[in-house]
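*Asks:* Each chain, written out:
Protein chains: 4
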Amino acid sequence: MTVAGQMLETYPKDLGGLDRQKLLECIEACFECAQACTACADACLSEDMVAQLTTCIRTNADCADVCGTTGRVLSRHTGYDADLTRAVLEACATACRACGDECSQHADMHGHCRVCAEACRRCEAACRDLLDSLG
Amino acid sequence: MTVAGQMLETYPKDLGGLDRQKLLECIEACFECAQACTACADACLSEDMVAQLTTCIRTNADCADVCGTTGRVLSRHTGYDADLTRAVLEACATACRACGDECSQHADMHGHCRVCAEACRRCEAACRDLLDSLG
Amino acid sequence: MTVAGQMLETYPKDLGGLDRQKLLECIEACFECAQACTACADACLSEDMVAQLTTCIRTNADCADVCGTTGRVLSRHTGYDADLTRAVLEACATACRACGDECSQHADMHGHCRVCAEACRRCEAACRDLLDSLG
Amino acid sequence: MTVAGQMLETYPKDLGGLDRQKLLECIEACFECAQACTACADACLSEDMVAQLTTCIRTNADCADVCGTTGRVLSRHTGYDADLTRAVLEACATACRACGDECSQHADMHGHCRVCAEACRRCEAACRDLLDSLG
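Residue numbers (our numbering), protein chains in the order written: chain Z, 34 to 168; chain S, 34 to 168; chain G, 34 to 168; chain A, 34 to 168.
In short, the hints are calculated from the structure, not lab data. Among the hints, a few may not be true.
[To be verified] A partial selection of chain Z residues facing chain A, derived with a Cβ cut-off under 7 angstroms:
id, residue
1, L78
2, T87
3, I90
4, L117
Ideal Cβ placement from N, Cα and C applies to all residues, glycine included.
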């Protein structure tokens with residue numbers, strides 16, 4: 034089991050009715066995507082054609098920040114607040130959609146954009162799945 | 034002029050039609066609230082009655098993260114994306130509402146909760162003002 | 034291969050002489066530890082004996098922040114600065130040492146502290162390994 | 034008084050012997066510098082000569098992260114750990130030195146680099162002042 038999975042298993046109270054598997058997948062997708070977007074912004078910065086990648090770098094930076102914050106919010110369960118969880122998941126799905134779309138446009142040319150676009154798609158899907166399960 | 038104000042003044046391109054004054058107020062409110070919430074979570078942790086403040090600490094931690102990310106997203110203007118800005122501002126207003134409500138309940142007893150609640154109210158208002166101006 | 038590994042593979046320039054395997058292990062340990070510490074702070078907050086876990090919660094919060102920042106700094110390679118990398122790794126090893134020591138004291142009683150202490154130990158070792166390889 | 038100052042005033046326990054004025058100046062310098070570096074990275078990204086500013090953008094991104102984390106660590110006082118405070122302040126001073134040096138080289142040409150370099154210098158000085166006062 035991953036460390037994030039073990040942390041969920043050892044949480045001492047109940048998880049406020051959240052689907053544990055969907056929650057875990059979303060937490061892991063958020064941290065993975067935060068890392069990928071941070072790395073992709075930097076990899077774009079090292080491309081000779083950086084001047085054509087400035088929107089990609091900016092979107093990567095935003096997505097890294099939003100995914101990082103979402104992964105942290107989802108890692109907390111004390112005093113669960115469904116409204117806040119929903120709003121943060123909506124923002125994260127929006128950021129991942131924007132970044133996945135942007136990186137996809139450069140996926141043929143830059144391997145890091147391809148890998149990052151895939152991480153964004155997975156994270157967007159995980160956020161939407163968790164949102165749907167909140168009812 | 035504050036440093037954040039000087040950074041806006043020296044941005045080399047236009048700000049994508051954003052209201053510069055509302056944007057500046059929101060950036061500053063976000064960083065101020067991120068600091069206040071981080072400090073309030075820790076101050077609650079040092080109260081003898083910490084066991085009664087656990088929801089407050091958790092909400093503070095979330096609000097600190099969301100405000101920090103919102104302040105960073107709003108500090109970027111390259112390749113402006115209105116959908117992402119809106120989603121992040123909605124999440125931030127929601128986090129500030131939740132944290133302001135929670136801290137308000139302890140404002141009479143704990144000075145740090147009173148100061149933090151005020152920072153949350155200002156930040157929520159600044160987010161809503163900026164959201165309204167986006168049209 | 035993990036996403037972080039794929040991001041390293043697709044970075045378009047060289048990695049400034051860093052040991053790729055040690056770098057990857059350290060990046061992954063940092064993000065893993067940032068998540069574990071965020072979750073452990075919250076799990077401690079939900080324990081009935083929270084009043085005895087306040088130092089643990091604070092150390093967790095610091096370690097989560099430092100590991101998150103270290104994971105991001107290590108995910109960037111453009112314009113590599115060995116001094117900054119070293120200083121950040123030293124801070125991260127110090128934070129992980131403090132948090133691992135603190136969580137270890139509660140490991141018998143709280144499963145989340147045990148899992149988190151292990152993540153801190155791994156992350157501290159990964160930081161020290163990478164530091165040693167920098168020469 | 035600033036919000037950060039009010040939060041220090043209302044902290045319910047003592048501050049572990051830290052110089053309150055130096056601590057406050059350092060907290061405020063860290064949050065100010067985190068914002069300035071985030072904005073400067075983005076402003077550089079919008080310059081026509083972005084290809085010549087990639088090291089600056091990367092250093093800005095690191096400095097923003099390190100200052101943000103340092104500002105958060107310094108905003109916590111529960112279970113104060115001098116070793117961790119010192120290590121984080123050293124990393125922050127190093128990041129601010131690197132970023133201030135880099136931005137200074139573009140200060141004549143780019144107003145945002147001038148403003149950001151000044152914020153980095155102030156933050157580096159505040160970190161060193163606080164470090165010296167720790168004894």
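*Asks:* Is the interface hint for Z/L117 satisfied, with its Cβ closer than 7 angstroms to some Cβ of chain A?
*Replies:* Constraint on Z/L117 not satisfied, violated at 20 angstroms.
*Asks:* Tell me if the interface restraint on Z/T87 is satisfied: Cβ within less than 7 angstroms of some Cβ in chain A.
*Replies:* Holds - the Cβ of Z/T87 comes within 7 angstroms of chain A, reaching about 5 angstroms at its closest.
*Asks:* Would the hint on Z/L78 stand, with a C-beta cut-off of 7 angstroms toward chain A?
*Replies:* Z/L78 check passes; min Cβ-Cβ to chain A is 5 angstroms, inside 7 angstroms.
*Asks:* Are Z/I90 and chain A close enough, Cβ to Cβ, to be under 7 angstroms, as the hint says?
*Replies:* 6 angstroms, holds
Hint 4 from the earlier list is the only one contradicted by this structure; the remaining hints agree with it.
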